[in-house]
Amino acid sequence: MNRTAVGLSFPLPLAPSPPVIKSKEIRSCEEAALICWESGNLNPVDSYTVELTQAETPEASGVTESVVGIPTCEALVQLQPRQSYTIYVRALNMGGPSARSQPATVHTTGSYFHLNEQTCHPWLTISEDGLTVVRSERKTSAGELPASNTRFTRCVAVLGNLIPVRGRHYWEVEVDERLDYTVGVAFEDVPKQEDLGADSLSWCLRHTFVSSRHKYEFLHNKTTPDIRITVSPRKIGILLDYENSKLSFFNMDISQHLYTFSCQFHQFVHPCFSLEKPGCLKIHNGISVPKHVTCY
Amino acid sequence: MRLIFTNRRRMALKQISSNKCFGGLQKVFEHDSVELNCKMKFAVYLPPKAETGKCPALYWLSGLTCTEQNFISKSGYHQAASEHGLVVIAPDTSPRGCNIKGEDESWDFGTGAGFYVDATEDPWKTNYRMYSYVTEELPQLINANFPVDPQRMSIFGHSMGGHGALICALKNPGKYKSVSAFAPICNPVLCPWGKKAFSGYLGTDQNKWKAYDATHLVKSYPGSQLDILIDQGKEDQFLSDGQLLPDNFITACTEKKIPVVFRLQEGYDHSYYFIATFIADHIRHHAKYLNA
Numbered sequence: 120m121n122r123t124a125v126g127l128s129f130p131l132p133l134a135p136s137p138p139v140i141k142s143k144e145i146r147s148c149e150e151a152a153l154i155c156w157e158s159g160n161l162n163p164v165d166s167y168t169v170e171l172t173q174a175e176t177p178e179a180s181g182v183t184e185s186v187v188g189i190p191t192c193e194a195l196v197q198l199q200p201r202q203s204y205t206i207y208v209r210a211l212n213m214g215g216p217s218a219r220s221q222p223a224t225v226h227t228t229g230s231y232f233h234l235n236e237q238t239c240h241p242w243l244t245i246s247e248d249g250l251t252v253v254r255s256e257r258k259t260s261a262g263e264l265p266a267s268n269t270r271f272t273r274c275v276a277v278l279g280n281l282i283p284v285r286g287r288h289y290w291e292v293e294v295d296e297r298l299d300y301t302v303g304v305a306f307e308d309v310p311k312q313e314d315l316g317a318d319s320l321s322w323c324l325r326h327t328f329v330s331s332r333h334k335y336e337f338l339h340n341k342t343t344p345d346i347r348i349t350v351s352p353r354k355i356g357i358l359l360d361y362e363n364s365k366l367s368f369f370n371m372d373i374s375q376h377l378y379t380f381s382c383q384f385h386q387f388v389h390p391c392f393s394l395e396k397p398g399c400l401k402i403h404n405g406i407s408v409p410k411h412v413t414c415y
Numbered sequence: 004m005r006l007i008f009t010n011r012r013r014m015a016l017k018q019i020s021s022n023k024c025f026g027g028l029q030k031v032f033e034h035d036s037v038e039l040n041c042k043m044k045f046a047v048y049l050p051p052k053a054e055t056g057k058c059p060a061l062y063w064l065s066g067l068t069c070t071e072q073n074f075i076s077k078s079g080y081h082q083a084a085s086e087h088g089l090v091v092i093a094p095d096t097s098p099r100g101c102n103i104k105g106e107d108e109s110w111d112f113g114t115g116a117g118f119y120v121d122a123t124e125d126p127w128k129t130n131y132r133m134y135s136y137v138t139e140e141l142p143q144l145i146n147a148n149f150p151v152d153p154q155r156m157s158i159f160g161h162s163m164g165g166h167g168a169l170i171c172a173l174k175n176p177g178k179y180k181s182v183s184a185f186a187p188i189c190n191p192v193l194c195p196w197g198k199k200a201f202s203g204y205l206g207t208d209q210n211k212w213k214a215y216d217a218t219h220l221v222k223s224y225p226g227s228q229l230d231i232l233i234d235q236g237k238e239d240q241f242l243s244d245g246q247l248l249p250d251n252f253i254t255a256c257t258e259k260k261i262p263v264v265f266r267l268q269e270g271y272d273h274s275y276y277f278i279a280t281f282i283a284d285h286i287r288h289h290a291k292y293l294n295a
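Sequences listed follow chains G and A, in order.
Residue numbering for the first sequence follows our numbering, beginning at 120 and increasing consecutively.
Residue numbering for the second sequence follows our numbering, beginning at 4 and increasing consecutively.
Keep in mind the hints are simulated off the structure, nothing from the lab.
Glycine included, each C-beta is placed from N, C-alpha and C at the ideal position.
Among these hints, one or two may not hold up.
Okay, the calculated bits of chain A under chain G, using three or more residues with CB under 8 Å as the criterion [claimed, not checked]:
1. 256-267
2. 277-290
Among the chain G residues that face chain A by a calculated CB cut under 10 Å, a handful are [to be verified]:
3. Val329
4. Ser330
5. Asn340
6. Pro344
7. Asp345
8. Thr349
9. Lys354
10. Ser374
11. His376
12. Leu377
13. Tyr378
14. Thr379
15. Cys382
16. Val408
17. His411
All chains, please: the whole structure from these sequences, using the hints.
This is the structure we're talking about:
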């Protein structure tokens with residue numbers, strides 16, 4: 120047979136290269152994880168497969184669960200609470216599956232989120248581990264910042280990227296008692312030229328330290344209830360409860376409930392943080408809802 | 004010891020009424036009080052959980068002119084008490100029927116106005132011992148007759164009863180797991196109600212007065228961590244009359260680092276409508292510590 124006859128043979132495509140999981144951007148809660156990755160391939164890929172194994176199971180060969188046919192570089196996978204998972208991603212095309220990506224680990228204790236650098240006001244810096252927010256002394260206002268839909272330009276703030284899953288999420292923020300700060304939640308499209316708490320798109324606790332006195336406001340739509348708190352918290356617990364439409368704040372040093380908003384969450388919200396004066400906030404993630412908080 | 008081993012008749016309770024409510028039972032009892040030397044009524048709510056085990060006990064102290072009826076009929080507390088599994092006890096606000104001259108002359112002194120002190124002056128000192136009644140006799144009676152855990156007790160109240168709850172907690176560190184109040188009289192030595200009551204019950208020695216004043220007690224409070232929740236109506240006429248003085252208490256607590264969350268509630272007055280609005284928050288506050 121003459122092998123040069125047209126149409127009788129052509130080379131098969133090569134299997135793709137393994138994708139690269141964006142480990143630092145994994146978001147998770149007790150029931151799910153949102154994983155995203157880089158394709159790892161210049162040529163288009165037909166689909167991706169996510170493989171999950173529960174780590175530290177008694178059986179040496181852990182059962183691997185596969186989620187197949189994923190069309191984009193992102194997957195929201197359902198998980199069991201209080202476990203550790205090892206996650207791999209493969210790319211798939213006509214040449215077959217790629218090798219496994221480098222693994223990523225997900226712990227389903229509490230909720231994990233990272234700070235969204237794209238929302239970050241230019242005067243804030245985020246630490247290497249993504250959990251400390253710093254506002255340093257500045258001499259100049261650096262002129263008017265151009266208005267933006269994504270980046271805070273007035274309020275010196277940053278949003279977190281919380282996994283878009285209902286249920287309850289809990290995190291803690293460590294603060295200095297003398298610091299002016301605001302912490303809470305906001306919708307992704309909260310106006311970036313406004314202060315947190317100034318409209319109906321965010322709910323937050325604002326602490327102001329002036330003349331040696333602590334002032335606490337629980338702001339939404341520019342209004343706050345009239346509340347006085349005698350012991351200033353250094354560690355604040357925040358409980359976001361989609362099922363009961365509530366957002367609660369706690370002084371975790373003494374397990375004291377401070378205030379609960381009743382909110383209508385018509386969309387998913389994200390943690391928000393701002394610093395009204397130079398200083399820093401440290402965020403703690405991956406914490407199960409503490410017992411005394413659960414009754415709220 | 005005295006109450007248990009002598010005179011069983013003293014411990015006898017006579018049930019006056021019983022009504023089922025949110026799956027539990029709202030009861031009223033009468034007994035012969037040793038401290039007060041008269042017959043006293045008190046209300047007890049037994050939640051459904053009390054059928055199968057011991058429950059924590061939450062004491063409610065009422066305000067001026069109240070009996071054991073006001074709280075149980077107006078506050079709407081039963082649902083929360085039932086859900087959280089708490090036994091709730093509400094005593095009367097003073098001894099009754101003692102035939103003391105002058106006891107019915109004012110609504111803010113004498114009958115219905117015991118101020119939760121142990122009187123030292125005649126003619127009040129024989130009967131007006133509400134402090135000992137609330138902190139000693141009543142809990143012993145409750146512990147002996149109802150399915151309660153004697154180690155888990157909390158206290159709250161309204162107005163004069165708010166004052167009562169605060170001083171009982173501050174004078175007995177560790178006895179109560181939590182305390183809360185609605186529109187409490189925070190600084191009685193400085194307000195008209197307190198001055199009238201204390202001079203009548205305790206005489207002219209201001210040091211005796213301070214021993215029953217929450218703002219003063221906080222200044223020397225040595226004890227275990229308290230978590231105090233206070234609700235105060237902003238339109239409360241007694242607030243504007245200078246009878247309640249919460250600012251003084253808050254300032255003292257801030258200095259001594261006693262944890263308080265004080266909520267000034269817009270539009271609310273001194274009435275049971277105000278209490279009914281926030282009673283569930285208070286019950287949850289106590290349940291958190293009592294059910295821990």
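Hints, verified against the model:
| no. | hint | in the structure |
| --- | --- | --- |
| 1 | 256-267 | holds (count 10) |
| 2 | 277-290 | holds (count 3) |
| 3 | Val329 | violated, 15 Å |
| 4 | Ser330 | violated, 13 Å |
| 5 | Asn340 | violated, 15 Å |
| 6 | Pro344 | holds, 7 Å |
| 7 | Asp345 | holds, 4 Å |
| 8 | Thr349 | holds, 4 Å |
| 9 | Lys354 | violated, 14 Å |
| 10 | Ser374 | holds, 8 Å |
| 11 | His376 | holds, 7 Å |
| 12 | Leu377 | holds, 6 Å |
| 13 | Tyr378 | holds, 8 Å |
| 14 | Thr379 | holds, 9 Å |
| 15 | Cys382 | violated, 17 Å |
| 16 | Val408 | violated, 13 Å |
| 17 | His411 | holds, 5 Å |
Checked against the numbered hints above, the structure breaks hints 3, 4, 5, 9, 15, 16 and satisfies the rest.
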